[in-house]
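*Asks:* These are the residues of each chain, in order.
Protein chains: 4
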Amino acid sequence: MKSIRGRLGKAADEVVSYSASIAYDRRLYHYDIAGSIAHARMLARQKIIAAKEVQAIVGGLKEIGAEIERGDFPFKPEMEDIHMNIESRLAEKIGEAAGKLHTARSRNDQVALDLRIFIKDIIRQTVGRIRKMQAALLDLAGDNRRVVMAGYTHLQPAQPVLFAHHLLAYFEMLERDAGRFEDAYRRADVMPLGSGALAGVPYPVDRQSVADELGFGRISANSLDAVADRDFVIEFQAAASICMMHLSRLAEELVLWSSAEFDFIEIDAAYTTGSSLMPQKKNPDTAELARGKTGRVYGNLMAILTVMKGLPLAYNRDMQEDKEGLFDTADTLLATLGIMADTLGSLKVKAKNTGRAVARGYMLATDLADYLVKKGEPFRKAHDIVSRLVGYAVVKGKTFDRLTLAEYRRFSRRFDKDVYSVNVASALTARDVPGGTAPKQVAKALASAKRKLGKASRQGQKGGAV
Amino acid sequence: MKSIRGRLGKAADEVVSYSASIAYDRRLYHYDIAGSIAHARMLARQKIIAAKEVQAIVGGLKEIGAEIERGDFPFKPEMEDIHMNIESRLAEKIGEAAGKLHTARSRNDQVALDLRIFIKDIIRQTVGRIRKMQAALLDLAGDNRRVVMAGYTHLQPAQPVLFAHHLLAYFEMLERDAGRFEDAYRRADVMPLGSGALAGVPYPVDRQSVADELGFGRISANSLDAVADRDFVIEFQAAASICMMHLSRLAEELVLWSSAEFDFIEIDAAYTTGSSLMPQKKNPDTAELARGKTGRVYGNLMAILTVMKGLPLAYNRDMQEDKEGLFDTADTLLATLGIMADTLGSLKVKAKNTGRAVARGYMLATDLADYLVKKGEPFRKAHDIVSRLVGYAVVKGKTFDRLTLAEYRRFSRRFDKDVYSVNVASALTARDVPGGTAPKQVAKALASAKRKLGKASRQGQKGGAV
Amino acid sequence: MKSIRGRLGKAADEVVSYSASIAYDRRLYHYDIAGSIAHARMLARQKIIAAKEVQAIVGGLKEIGAEIERGDFPFKPEMEDIHMNIESRLAEKIGEAAGKLHTARSRNDQVALDLRIFIKDIIRQTVGRIRKMQAALLDLAGDNRRVVMAGYTHLQPAQPVLFAHHLLAYFEMLERDAGRFEDAYRRADVMPLGSGALAGVPYPVDRQSVADELGFGRISANSLDAVADRDFVIEFQAAASICMMHLSRLAEELVLWSSAEFDFIEIDAAYTTGSSLMPQKKNPDTAELARGKTGRVYGNLMAILTVMKGLPLAYNRDMQEDKEGLFDTADTLLATLGIMADTLGSLKVKAKNTGRAVARGYMLATDLADYLVKKGEPFRKAHDIVSRLVGYAVVKGKTFDRLTLAEYRRFSRRFDKDVYSVNVASALTARDVPGGTAPKQVAKALASAKRKLGKASRQGQKGGAV
Amino acid sequence: MKSIRGRLGKAADEVVSYSASIAYDRRLYHYDIAGSIAHARMLARQKIIAAKEVQAIVGGLKEIGAEIERGDFPFKPEMEDIHMNIESRLAEKIGEAAGKLHTARSRNDQVALDLRIFIKDIIRQTVGRIRKMQAALLDLAGDNRRVVMAGYTHLQPAQPVLFAHHLLAYFEMLERDAGRFEDAYRRADVMPLGSGALAGVPYPVDRQSVADELGFGRISANSLDAVADRDFVIEFQAAASICMMHLSRLAEELVLWSSAEFDFIEIDAAYTTGSSLMPQKKNPDTAELARGKTGRVYGNLMAILTVMKGLPLAYNRDMQEDKEGLFDTADTLLATLGIMADTLGSLKVKAKNTGRAVARGYMLATDLADYLVKKGEPFRKAHDIVSRLVGYAVVKGKTFDRLTLAEYRRFSRRFDKDVYSVNVASALTARDVPGGTAPKQVAKALASAKRKLGKASRQGQKGGAV
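Protein chains in written order, with our numbering: chain A, 33 to 498; chain B, 33 to 498; chain C, 33 to 498; chain D, 33 to 498.
Incorrect hints may appear among the rest.
Straight-line Cα separation of at most 30 Å, DSS-like style, residue types lysine-lysine; simulated pairs [said to hold, decoys possible]: (1) K314/B x K407/D; (2) K428/C x K380/A; (3) K108/A x K314/D; (4) K314/D x K79/C; (5) K449/B x K79/A; (6) K382/C x K430/A; (7) K314/A x K79/C; (8) K430/D x K380/B.
These are calculated hints, taken from the structure and not from any lab test.
Sequences and hints are given; from them, build the entire structure.
*Replies:* Listed below in structure tokens is the structure:
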């Protein structure tokens, strides 16, 4: 096997550095070796190569795996990628038999295989981290189940909500994320080996047995598609982008809440840093970084979509660009899920401050309108009445509970003494619908979330599909 | 109900034109009316408003629906969006009772509802179009089942394949697309009404019954999430981007194949156009446009991801930007699926030309290598031998079948007379693995694809989930 | 001239609706007519067609222009685009001579011309709006030149700054934006007519005279490039994306500042809206929309970059996708610049609140460190000392001015009575470097900004290049 | 100076690995040291710190620079970034004086400085590579100045062009690229030091002298903007995206031209590679990779635009995400320009094949139409006549030169014997307008391009602005 350097002469170094992928695809070594072993064993079973040779191949590959683990594998850029590095090392170890490993296989289906095992592995890890982060949300919600906070729309205080209710919104987002990753897993769980370069291989291979040995759900149905397809990379990146979007929203809230103006939470010093110039600062760095890293994940999605657009079948070298962005997204997403879960774990909620925010505004305005509706006023008219009442209160500098009944009645004769029983507690309690913020509903939602999470975790541990 | 123009005074026009969405969200009218009717009926059932009033409301809404269908609904930009336009028209029609429709509802959950019904509808249509395009592929494959073509990698002729095999690769891509849309459907199929502005509504609503009436699979679990979530928009856009990517690849191939140099196909004149300057041109415009329109679909995905990044809970006005890109993507995708299916339907394959391409190159090189492997040569060495043989043949200007046995044997003593039985037919037949291009396998794959498609279409017609 | 419908038969409607651009490119009519008139006049001057015919052509085109202005031009989708609509209408009006207008011209160079005039026009408008927005910033800064505000990093109060200083940061951003648009203008200012379909025209045209008549700076140097190039569209979109990014930052600040927690500003009711459900809300809608619309501008950039990637020379139909995104970006950017300028114009700054924020934190910590540095302490050590001092003060619940000298000296013997002269005013005054927030420097910066703006506006009015 | 690990305790490793940038920002070391030296010298000149201390600082920094060059600098992840690594190493070397280097400086303005010097350096290199690639284009054009090729639109042969003319289109694209990079350079050429953390520094610094020493054109005008601005990163990325788009178009053409079907060129073996499975393949890998790498450059642009959207002033930690994408884009662009120039340098043009393509189609159709126009037929009518003539010729299987005069005259009585003088040579010669493909014009364009390039290169060597 000649190295690229040997074949090319003078322009070699430039071309090698432009086209070699060994610097980053080496992290696939484990999957590549597992795939090669399964392939070799099948070749023996099918009597395509001799059992003794396969024994040598498998032994050699295992040694190589150990070398890489130990860090003393001699990586060679001129061998371009991890596949050729391993194969050429195998030849050094076992001689001519190494040349038989590539029987009934092409680099095209080999790369597709490795990448699919990688994605499946990463999805499993991702879902695991999502579950941990959901657990962190439930813990935090559980620890603060009585904390009241302003719910916002347009970043304006809108209606009182339980802090736990707010956190449960993120639980739901992550639940959908997990679902998306699981769906992506199913579609990635397809074994491409046997597709050869593009047309299928001219050997009596047993594709299903390779799939079984490697834990794949099924084999690919079309050889051209099998080597030309990178949907599984894109679908993972799209799911990751949505998940990072969710994390960026939570990150934004952590930044807001830890500002001096909101002052709703304190993030543990482990997850904030000081300033090189301003000793008083306690910057919510992990949250900011999580928010910022959303950009790179979006960018990686856009990159692979761009790469694949308009490529004729089957494999084109452009597709080598599938890996770095994928690795970067996988690393970023896993790290961000981890750090956000830990940041949440470290959070102290300042219930006095979140409560004060609720008291301040006219957050009970909707409830006053609903009060009138229940007394018979059509909703739109009730809304208009309270709208004018708020205007009046602002001018007078009074909160609702400081208005006299006479003042109330100036706006509607339907107001009566019981208007004073409209308060934060009543507002919360009133929202007693499934998904609402009434304490009873939130308790139910928390319990249900815990059950779901427990079930998901048990399935994960049993090593279910995902 | 005051219009925005009334409230604002001088800056009104500018602000209205900046913020009104009626120009594009009017297409949601049908969903909005259906949602309002279901909501009103539930309010009556729950005795939240009187049955007689609900009767008036429902009657009025139906009239409004008819007005819009007929094109004589008086749309008012200053009413901002479709929801307010309908509600204010309802007030004109039925008076005060109209003001009760918005009881136990907010524009936030109303918008979320309308958009979810829209997405579900569009996904159903999309999957329908995908099925039609798959059918067009199978028809074309079936009509050309004996046509041989060069299979390409790196746009270099690589190995012979059946043209039908090549088309089946696209069948597989579309199959995954359908799966992704169906998964997105499941996650969109969640009824948000009852979430109010953000915290749930303070009325004894029956959310499940509204879901049932509107054909939703389930109700949302958290009110904040229900109004702040646009995952279903993004997931649809991501699935659409991948699908357009597939279509762009096929479009690229149609452009290549209809070039004078490839000349593999003829696209019907209905789908090509001439030039304003060059009378001889027959440009594959629909394919080029399909390829180009991939850009806008990617752009719309990037846009909505950008919009949602870092938004604190719950609703923010930025989210109004969820619609135009979604509508554009939906329209573009549906139209492109339709036009590509029709373009395929119009295709004539020039089997003589696709065959010539196979004869030309050294496409049987892999098969010669495999020939040697079967005679006992390790694959890598066989590959090297044939590589040198190709070099020799190129210099001599001979195709494989013109080389003498002596010439063959100069490269390996393993070559024998039976080397001449390596030909295109044998190359095809040899790839007799599941997913391979052997005629037997392709016939099997075609049959299986037809079965799958028939089953999917029957489910679609029965009005299954998707 | 046959319409597309005539040529195509049954598939016509679908193809027309997929490929016709008349729905959006009609807005180019003015540029198209101007270009055609200049072209026709040149043809007459060069004696390529007869003067009398040109007279008829020019007359007809002017009539058509008037028809379109009046709204009674009969647009026909089956004529596909604005160019063919105008040309076919011209034929109705003046007969056979109309057929001569396209002599020495192709739709390819014609489209490129129209789009370049459009871009130049839009850039002029954009720069005009940027100048108005800069003026709004300077007015607001001037009206509030004594207002002190917390300067933030990581959304944590960091050091006191003048509010005017903060606004001037946006002046600088917009200044760079204007520069980018002006540079884009220079590169767009190239006349492509005479390039024909791709190879140049076989007539003795006078390209320079057409450029002169249409006000172009120069003519294109290569015919293939002239029809295949859309750099000017992309460069505009890129500059627009950066500008929208700036506006999104300001928008974010307006949203933050108008939150109940910050409460730094009040935006006029004209630029906020209420809630359908919550009568007390005053949502900063224009700012939120401006922030949100950044997404679509980014998306349009990504779309056109995707479209142009990997297109072989010269024109491909994909390039028809250059317009809608461009128009959308142009409209969005112009509207956003306008609405943000007006929103700024309506702003009331709550100086008491911005001042309170400064008092609250330990914003003078840096100044205390600098105090120690000036007394001889190395910076890093001074930073550490003050860091510990802040920790102490937080625990004691004291602001800096409430610490006793003894307490100060517990952390460093260098502290002396003059430490009490470190205050907000001294902190501001001390930053007396060019670009710093010292009142003297800010006054200078304001004056300089006004001079720059005046000069730019005068140039704009004189009708300079941009 | 405590390391982050010291401050954080248990969560340290995770946080360090999430937030440390030393793995990639170490490549800024050279710029960081240069900036620190200039800053220190100014501090001495302004008597802010003692000359002796500055001597120690400068000496220490130079030693550190040498250590890094030699590869024996002890990088510490827990020191987070290159700035802190250098500063802490300086403290080890020179003790307490090291603590004074950060006087009148913040990490915020320091980072901005380093990144600006980096960008300026990269732009200089980029423009240099663009010039080399332009030279490669001119060499190739010059060597093949008589080669005729089909010019394409819609990938359909349209009109004959000179191959050199086609190449000159890319010269023009690169010329605009260079212009964009030079404009970006001017806007990056602004010295931010003295802006401190955000408000300016409270020391009598001499900002202009630092700018002069570091070769900056001017100093920043607003301290908040100076630390919050990353326009220069985005503008570079946008210019790089457009440049990569150009390269992707050329790459696409190289892939097409080296296909068996076009067979217009041969790329040297150094820039193609074989297949692991198919010994006959010669894949245009560098061109494919260049086309593919466009995706990552687009993605990096989208990433940084996303990061910066909606960030309030001034510095936020999200902005740390400015570097990796920038480095990746810079490396990718420089490498791609280099490899494409070299690939071009290795190209052999198969003039016989490019000529055959011209003969094949009906590429002279436009010229026949123009022939009729010159005989008095209006263009549109001439176009219709030739259109029918082509239809006839196709059916008869004749090329234009094989049609009899009688056949010609069946379509128009204006055809005469001189119609046979319409040929490829006449078609080329006729396009004798500036920018056209007439040999005379192309020769002129080549000469002019050479002059421009020579001038640009001389300016570059003289070390002009860019």
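*Asks:* Now tell me if each hint is right for this structure.
*Replies:* Hints versus structure:
1. Distance check on the hinted pair: K314/B and K407/D sit about 26 Å apart at the alpha-carbon level, within 30 Å; holds.
2. Simply put, K428/C and K380/A have alpha-carbon atoms about 20 Å apart, close enough for the 30 Å limit, and the pair holds.
3. Taking the CA atoms of K108/A and K314/D, the gap is about 23 Å. The hint holds against a cut of 30 Å.
4. About 54 Å separates the Cα atoms of K314/D and K79/C, which puts this hinted pair outside 30 Å; it is violated.
5. A threshold of 30 Å between alpha carbons decides the hint, and for K449/B with K79/A the separation of about 25 Å falls inside it, so the pair holds.
6. Proximity of K382/C to K430/A is assessed by CA-CA distance (about 20 Å); at most 30 Å being required, the pair is judged to hold.
7. For the hint pairing K314/A with K79/C, the CA-to-CA distance comes to about 78 Å; that exceeds 30 Å, so the pair is violated.
8. For the hint linking K430/D to K380/B, the alpha-carbon distance of about 22 Å falls within 30 Å, and the restraint holds.
The structure fails to meet hints 4 and 7 from the earlier list, while all remaining hints are met.
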